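J.: Position chain B against the provided structure of chain A, taking the given hints into account.
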Amino acid sequence: MDNKIIVRVQEPDFDLNLEMEALKLKTKKAGAVVFFVGKVRDLEDDKLQYLEIESFEELAKRQIEEICDNAANTWDLEYILVKHRFGRLKLNDNIVLVITSSKHRENAYEASRHIMEYLKSNVPFWKKEVANNTENWVENS
Amino acid sequence: MGKVRLKYFSRIREIIGKPSELIEIKSKNLQDLIEELQSMGEQYSVLKGENFAVYSAVDQNMVTDVKASIKGATEIAFFPPMTGG
Numbered sequence: 001m002d003n004k005i006i007v008r009v010q011e012p013d014f015d016l017n018l019e020m021e022a023l024k025l026k027t028k029k030a031g032a033v034v035f036f037v038g039k040v041r042d043l044e045d046d047k048l049q050y051l052e053i054e055s056f057e058e059l060a061k062r063q064i065e066e067i068c069d070n071a072a073n074t075w076d077l078e079y080i081l082v083k084h085r086f087g088r089l090k091l092n093d094n095i096v097l098v099i100t101s102s103k104h105r106e107n108a109y110e111a112s113r114h115i116m117e118y119l120k121s122n123v124p125f126w127k128k129e130v131a132n133n134t135e136n137w138v139e140n141s
Numbered sequence: 001m002g003k004v005r006l007k008y009f010s011r012i013r014e015i016i017g018k019p020s021e022l023i024e025i026k027s028k029n030l031q032d033l034i035e036e037l038q039s040m041g042e043q044y045s046v047l048k049g050e051n052f053a054v055y056s057a058v059d060q061n062m063v064t065d066v067k068a069s070i071k072g073a074t075e076i077a078f079f080p081p082m083t084g085g
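Chains A and B, in that order, are what the protein sequence lines are. Each residue of the first sequence is one higher than the one before, starting from 1 at the first, in the working numbering. Each residue of the second sequence is one higher than the one before, starting from 1 at the first, in the working numbering.
Chain A extracted, bound-state conformation (with noise of 0.2 angstroms):
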């Protein structure tokens, strides 16, 4: 399993269409497949300017690698990957991908969800909101 574990803290964006091209070559046995994207959001009053991700990358990517782990030994998984930037981003800018990928649906969704809610309060990534030229560091959700 430790070889369809993929984990990536970056900057640059991820190409969807791309990693589900990866996928296919790294399983075969994989009949479902789920991505979970999230991505930068607008504020209630339409004023954001960016969205700016801070990270401590090397206890980032291990994080993400045990629970990967986790998942890997919880779930019947055939691919895990998780991909999650730092740095400035805009609006409908890419956060985070998450890939599961199981024989059947319910392995591969259940294990989405539970490396999601993970990584929302134990990954160390810090989101600041700027909005009308005024920063506001955002509190957990």
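Just so you know, not all the hints are guaranteed correct.
[Unchecked claim] Some but not every residue of chain B turned toward chain A, in silico, with C-beta under 10 angstroms:
1. SER10
2. GLU14
3. ILE16
4. LEU22
5. GLN31
6. SER45
7. LYS48
8. PHE52
9. ALA57
10. GLN60
11. PRO81
[Said to hold, decoys possible] Sample of chain B residues facing chain A (criterion: CB under 7 angstroms; computed from the structure):
12. ARG5
13. LEU6
14. PHE9
15. THR64
16. PHE79
17. GLY84
18. GLY85
It is worth saying that the hints were derived from the structure and are not from the lab. Just so you know, these numbers come straight off a predicted model, no measurement behind them. Think of the CB as a built atom: it goes at the ideal place given N, C-alpha and C, for glycine as much as any other residue.
T.: Here is chain B on its own, set in the frame of chain A:
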């Protein structure tokens, strides 16, 4: 105890005013280290966690016990609640 690289992230980095520093410390655990740092300046009182929770990682391992030994550590990071995803 020797020189340790201290790293600060997010709100803590902004309050302390620097992303990292290499300093000589005497403390044997995180609790003592936070007190030791406070004696260097009021800005370090953020590490007490009175306004928001403060998390720590010693040599890139998350640490929850502030009494755990930091002997031999080369890097200690402090950061606020995480907001990934």
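J.: Could you run down the list of hints and mark each one as holding or not?
T.: Structure-based check of each hint:
{"no.": "1", "hint": "SER10", "verdict": "holds, 4 angstroms"}
{"no.": "2", "hint": "GLU14", "verdict": "holds, 9 angstroms"}
{"no.": "3", "hint": "ILE16", "verdict": "violated, 14 angstroms"}
{"no.": "4", "hint": "LEU22", "verdict": "violated, 17 angstroms"}
{"no.": "5", "hint": "GLN31", "verdict": "violated, 21 angstroms"}
{"no.": "6", "hint": "SER45", "verdict": "violated, 18 angstroms"}
{"no.": "7", "hint": "LYS48", "verdict": "violated, 18 angstroms"}
{"no.": "8", "hint": "PHE52", "verdict": "holds, 9 angstroms"}
{"no.": "9", "hint": "ALA57", "verdict": "holds, 5 angstroms"}
{"no.": "10", "hint": "GLN60", "verdict": "holds, 5 angstroms"}
{"no.": "11", "hint": "PRO81", "verdict": "holds, 6 angstroms"}
{"no.": "12", "hint": "ARG5", "verdict": "violated, 12 angstroms"}
{"no.": "13", "hint": "LEU6", "verdict": "violated, 13 angstroms"}
{"no.": "14", "hint": "PHE9", "verdict": "holds, 6 angstroms"}
{"no.": "15", "hint": "THR64", "verdict": "violated, 12 angstroms"}
{"no.": "16", "hint": "PHE79", "verdict": "holds, 6 angstroms"}
{"no.": "17", "hint": "GLY84", "verdict": "holds, 4 angstroms"}
{"no.": "18", "hint": "GLY85", "verdict": "holds, 4 angstroms"}
The structure fails hints 3, 4, 5, 6, 7, 12, 13, 15 (numbered hints given earlier, in ascending order).
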